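Per the working numbering, the first sequence starts with residue 16, numbered consecutively.
The hints are simulated quantities; they were obtained by calculation from the structure and are not laboratory data. None of the values given here were measured: they were computed from a predicted structure. Heads up, the beta-carbon is just placed ideally off N, CA and C, and yes, glycines get one too. Hints are supplied without guarantee of correctness; some may be wrong.
[Claimed, not checked] EDC-like mimics (lysine to aspartate or glutamate), calculated; alpha carbons at most 20 Å apart, straight line:
1. Lys353 to Glu427
2. Lys134 to Glu160
3. Lys424 to Asp365
4. Lys134 to Glu53
5. Lys144 to Glu154
[Stated by the list, open to error] The following label-pair restraints were derived from C-beta to C-beta distances:
6. Met45 to Ser287: 34 to 42 Å
7. Arg345 to Leu517: 30 to 38 Å
8. Lys175 to Asp308: 50 to 58 Å
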Amino acid sequence: MSGQKKYDDRAVSGINISNSEREEDLNELMRVRREKLEELRGTGVEPYGNRFERTHLARSILDDFPEMENQPVVIAGRIMSKREMGKASFAHVQDSSGQIQIYVRLNDVGPEAYDLFRKLDIGDIVGVKGKVFKTRKGEITVSAEHFNLLAKSLRPLPEKWHGLRDVELRYRQRYVDLVVNPGVKEVFETRSKIIRALRSFLDRNGFLEVETPMMQVIAGGAVARPFVTHHNALDMNLYLRIAPELFLKRLLVGGFEKVYEINRNFRNEGISTKHNPEFTMLEIYQAYADYSDMMDLTEKLISSVALEVLGTASIVYQGEEIDLSPKWTRISMLEAVKLHSGLDFSAVKDAAEARRAVKQAGIELEVAVSDSWGDILYRVFEELVEPKLIQPTFVVDFPVEVSPLAKRKAEEPGLTYRFELFIYGRELANAFSELNDPIDQKGRFAKQVEKRRAGDEEAHMMDEDYINALEYGMPPAGGLGIGIDRLIMLLTNSSSIRDVILFPLMKPRD
RNA sequence: GGGCCAUUAGCUCAGCUGGAAGAGCACCUGACUUUUAAUCAGGGUGUCGGUGGUUCGAGUCCACCAUGGCUCACCA
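Please work from the sequences and hints to get the whole structure.
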């Protein structure tokens, strides 16, 4: 028992016995660095420093050189390269703003400090005090008068020419990726700016940011398989949310009229370049609005964020020019399908006829026996139309069968006031006039529950409390969901969702 | 989950029809007081992803497994 306890303590404190305590496992590069570490300690140099006060970032020295020349500065950062030339040396130091060269001369720093400098490795974090000058070859440089070791690095960094290319290592050890591949940091800085711009746009327009449960008793608001977790004290299973939708609409019932949430959703499904099990979603709800208001909002939101963050609404994604300036094409699903497949579903009366029409048109499609007219229309749309929607396109009026939370069209009850936004063949946003008729909603849930009983794990569960809320009366409202990771992919020209998520889910090795 | 591809030094990669594991960077030793992919002289640091098999002999051929990439399926 006590042995078990000891093991747990070590696990919690992060000590990795198998890796760090077996010297014979260390390769020569790491062994040498550990020896240097001990040597430094032996000469009274603490290899892991404390607070360090710097005066300048690399960028500011480079940008303001004329004023900075000959001025004293204190910088701090990681040594990225080193060039020793006997009694003088150069190195590059990298901080959050970029890199700047330092020059260390025996005569300036003295023999002890110069010895210390020679022991430093690429990857070590140092603080440098010195004066700014320009070398003979014209590079702005800090001539060191004094320097401190702030953190000794025990592992060699990837090489300077190619950086870290191995995709698997880049994702597994993002910290290394960030150190050596400068473009990566830029993507995540842009990500942060995009999210800030979204928030500020919504805040300016009177929307209130709220937080709703990530752990839910009923995983609702979307069609997806949830993750299951367990609460010990209550001894009950909980789901990680697949969407915040039903909670945000409860807030409309409560009297909040314009709300939004930017947060993680979790879906227990396949992983791909477009899917990570946890992803960030923006959902917006506006009382007394409808789906065409949501289209206007989507256009304004995305185009103004692009303008604010990138300085242009005309972007290039994977070699394709995409114009995000309003107004975007709006086309009904029936028209879109007719345009791209020749099939006119408005003349098709039921599922049997739809099946025949698809077959006649020679479209290869796996159609389940239980599929309805709407299911088949939607499948044809996904298969033949989606990939062709490169420029921003709102596809409107989805079949009711695939839209269990959207309001029916008054004149065509088989369709709903729903749209999805497609850019580069990908779904980027999904929105509708919210269904606020509790009786209709209950009926739709019941249909979903039937599907669930028939084995469809992605179908909705019955949410009695949500119905209860609707029964109190929810104002008519427009609701909008935008996949933030995909938006960021688009705006940073990233081909994989893993390039816009700092720590994407990876299967452990071994 | 299916198909295709990849896995060799810390990193980036070569290694042909099976015949004694290689390069560049990094690292180590030495020289060098404005270099910058610093240079010059010397040094190879490895469970060839793992386990079996075929063979006199396997980094190389075969099977299975692991991880990853692309792609299809599912989804956002």
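I'd like to know which numbered hints this structure contradicts. Please list them from smallest to largest. none
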